[in-house]
Amino acid sequence: MYFIRCYSVYVIVLATCALDLPVQRTCQQQRQPQPHLEAHAESSPKPRHKISIKQHPRRTMASLKGPGAPQRHDGSGLRVAIVHARWNTKMIDALVDGAKKAMLSSGVKEENIILESVPGSYELPLAVQRVYAASQIQSTTSTVADGVGNLASGIGDLLGGSNSQTDLQGSLQPSEPKKDQSLKHAFDAVIAIGVLIKGESMHFEYIADAVSHGLMRVQLDSGVPVIFGLLTVLSEGQGLARCGLEGGTGKEAKGHNHGEDWGRAAVEFGVKKRAWAQGKIATV
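Counting from 5, one number per residue, gives the positions in the sequence shown under our numbering.
Among the clues, some could well be false.
[What the hints assert, rightly or not] In the DSS-like style, the derived pairs of lysine-lysine whose C-alpha atoms are separated by at most 25 Å in a straight line are:
no., residue 1, residue 2
1, Lys-104, Lys-94
2, Lys-69, Lys-113
3, Lys-188, Lys-94
4, Lys-113, Lys-255
5, Lys-94, Lys-284
6, Lys-276, Lys-104
7, Lys-284, Lys-105
8, Lys-277, Lys-105
9, Lys-105, Lys-276
10, Lys-113, Lys-188
11, Lys-69, Lys-202
12, Lys-188, Lys-277
13, Lys-188, Lys-284
14, Lys-105, Lys-69
15, Lys-104, Lys-188
16, Lys-105, Lys-94
17, Lys-255, Lys-69
18, Lys-69, Lys-276
19, Lys-105, Lys-188
20, Lys-188, Lys-276
21, Lys-94, Lys-255
22, Lys-202, Lys-255
Think of the hints as simulated: they come from the structure by calculation, not from any bench. Predicted model only: the values in this text are computed from it and were never measured.
Take the sequences, apply the hints, and build the full model.
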């Protein structure tokens, strides 16, 4: 009996060891590092460091914007009209003065610069059209008057001229007023000047669009250069900056008067219009 008991205990111990062995092996396998997982971990990319890219300071386009070096043209024989709105008078006056200054420096005589005003920018297209038509009527009237004067002079010469008595009588008559030296031919160019400042409503967009298309239509229909002098700005500060006045804001708040550009453009276009009418095209 003793032997049987010992043998039973021995069998139980062996069975227990046999059952415990797979558990130990499993635990050991879990504790041991797995080669394929380590290889995957080593091959996986390391977390990237944040790369700081040095950004260059933003370049301004001020040096590239603009008409370039102004061309020199002789405007001594030109007749130019400035049609301007009266809305935003302070800015309008500065732009008109800038345009006149540029034309005078190009040789246009002051008596040949004609000013006409209208209430607002919306009226500019019609006013430009009618002012140019009026200058065409003046040109025709002046030509007829000169022809009549020349005819009367010729008749006097045919009748033998004047005798001493009429000379004496003529010397006693008051002298004739000084002859008008201003040109009377149709305008060589027209500058349309207005200032639109955006407000809270859609009024700004409608007026800007209508005036832009209207002025272009007048230019193409009549054949006279119409210089686009309409400022369309988002604030009073932007407008003051483009008129060369104090208080300007934005990138162009350096006091440049855009009216000067429009005056030079009128002279250039007026000279070229005359050349084109004679069949001349600049080669430069």
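> Which earlier hints can't be squared with this structure?
Replying inline: 2, 3, 4, 5, 7
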